[in-house]
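Undergrad: Protein sequence lines correspond, in order, to chains F and S.
The opening residue of the first sequence carries number 2 in our numbering; numbering runs sequentially from there.
The opening residue of the second sequence carries number 20 in our numbering; numbering runs sequentially from there.
Simulated from the structure, these hints should not be mistaken for laboratory data.
Among these hints, one or two may not hold up.
Mimicking SDA-like on lysine to any residue, the simulated pairs with C-alpha atoms at most 25 Å apart in a straight line are [said to hold, decoys possible]:
1) F/Lys103 - F/Thr42
2) S/Lys143 - F/Asp276
3) S/Lys128 - S/Gln164
4) F/Lys91 - S/Ile118
5) S/Lys143 - F/Asn151
6) F/Lys251 - F/Asp276
7) F/Lys103 - S/Val59
8) F/Lys91 - S/Met68
9) F/Lys251 - F/Arg241
10) S/Lys143 - S/Pro60
11) S/Lys143 - F/Lys251
12) S/Lys143 - F/Leu158
13) S/Lys143 - F/Thr42
14) S/Lys85 - F/Asp276
15) F/Lys91 - S/Lys128
16) F/Lys103 - S/Lys128
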Amino acid sequence: MWNQGGYTESGMVGGYTQSPGGFASPALSQGGEKKGRTRATQIIPCTVSQLMSASQADEVFRVGDVEVTQVTIVGIIRSTDKSMTNIQYKVDDMTGAPMDVKQWVDTEDPSVDSTVLPPGTYVKVSGNLRSFQNHRSVVAFSVRPLADMNEITSHILEVVQAHMALCKPQTMPGNGGGMGASSTSMVRQGLGITGGSYAGANENPLMVINGLSANQNQVLSLIKGCPDQQGISIQDLKQRLSGISLAVIKQAVEFLSNEGHIFSTIDEDHYKSTDNDN
Amino acid sequence: MHRPRGVTWRKTQVTQNFPRAVVSSPTKQRPAKMAGILDVPKPRINCSMLSQFINRAVCFVGRVEKVHPTGKMFTVMDGEGNAATVELNEPLEEELSGIVEIIGMVSNKGEIMANTYNMLREDKGVPFDLELYNEALKVIHDFPQHYPFQVTASG
């Protein structure tokens, strides 16, 4: 839900960190719109192999086309090394050699759990990818044991879905793994090989691109497109969306406002989008 | 999978003269937790992919079926209902059951020579969905560009 309509790339960026640990990073609400501005506000599920293979330009890491800064990996701890100020783990997710993960320990803060996790524990690591003297590591702000081993499976699927969605901006991400109409030949090949249950028929490719219905998307795009300071009025919306009734427009506006996509300005009939570049 | 004839595996009874009809593979000479295999990519596979990964390191997740009385061999079943044979260097020191994740080399006969394993705990009440894991395997093998089991040179 927390993104800017499915028109630009990364329609489903906001949905990745479904960690039961409950990260509600406000940064997630900003999608990956790279209109000349670098917003390192996404957290991307990755494999260790992707992190080790990522290209680096200045401070920016890229896995293919995908810019990666904040990442999550899921793997098993192979070794632990605790010092006064930090804990160093080696986390193995089977895609390559175990990745170095460093977690700073705040000795002053009693609420921070600095219990060292033993080797053999499956964990989800969330942190930033760093490179120091050609050595890659992750500086973690969270190393959490998995509550449920199915998180391994879900992370695998999230990695593929995230990188696929972020790499192919024109392909509708749709439901996890399901391919939209504009699938590439590579994708079609994938469907052919498995004929598997995951690649089931994508019944409604138009729906649920970004969590908004078609009407809501139309209303939102008009509101976004308005350059006026006081925003666009409901009357204007009604005029420009002749196919939609006033009641439906008002419903859409109320929904968008509750979700935080728009806000009222001079009165309750005028709205602006919360994510304008104006 | 070739199983020696005339041998029945029972959990509690010791069978007689279980023929050691196994391929002598280099991994058997090394200690159980060899650092080397942990430092290479270990593609996640199921039984149907075993033949494509002969002499390669793999990661196999399955449900423990039968454990041989010697404790050095057991069978696991993957999410598609197929079984694979796993051999260990040292006999098991614990009761093995439930879902296990094995890292090892695939022998010429399609058996897994295990280096190390760990049980995936299901004690928190949520069972591990092996069928769903199998579906995920299909996804990662269909989209290796998005889930690489190799490290390419970084820029």
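Undergrad: Look at each hint and say if it fits the structure.
TA: Hint-by-hint comparison with the structure:
As the CA atoms of F/Lys103 and F/Thr42 are separated by approximately 21 Å, the hinted pair is consistent with the 25 Å bound. Among the hinted pairs, S/Lys143 with F/Asp276 is inconsistent with the structure: their alpha-carbon atoms are about 42 Å apart, more than 25 Å. At roughly 29 Å between alpha-carbon atoms, S/Lys128 and S/Gln164 are farther apart than 25 Å, so this suggested pair is violated. Taken as a hint, the F/Lys91 and S/Ile118 pair is honoured in the structure, with Cα atoms around 23 Å apart against an allowance of 25 Å.
For the suggested pair S/Lys143 and F/Asn151, the alpha carbons sit about 12 Å apart, so the restraint of at most 25 Å is met. Annotation: proposed proximity of F/Lys251 to F/Asp276 holds, straight-line Cα distance about 20 Å (limit 25 Å). Restraint check: the Cα-Cα separation between F/Lys103 and S/Val59 comes to about 21 Å, which is no more than 25 Å; the hinted pair holds. The suggested pairing of F/Lys91 with S/Met68 is violated, with an alpha-carbon distance near 28 Å, which exceeds 25 Å.
For the given pair, F/Lys251 sits about 14 Å from F/Arg241 by alpha-carbon distance, which is consistent with the 25 Å threshold. Using a Cα cut-off of 25 Å, the hinted pair S/Lys143 and S/Pro60 is violated, with the two alpha carbons roughly 29 Å apart. Of the supplied pair hints, the one linking S/Lys143 and F/Lys251 is violated, its CA atoms being roughly 46 Å apart against a limit of 25 Å. Our distance criterion of 25 Å between C-alpha atoms is met by S/Lys143 and F/Leu158, whose separation comes to about 22 Å.
For the proposed pair S/Lys143 and F/Thr42, the alpha carbon gap of about 33 Å is over 25 Å, so the pair is violated. Of the supplied pair hints, the one linking S/Lys85 and F/Asp276 is violated, its CA atoms being roughly 59 Å apart against a limit of 25 Å. Restraint check for F/Lys91 and S/Lys128: not satisfied, since their Cα atoms lie roughly 33 Å apart, outside the 25 Å limit. About 41 Å separates the Cα atoms of F/Lys103 and S/Lys128, which puts this hinted pair outside 25 Å; it is violated.
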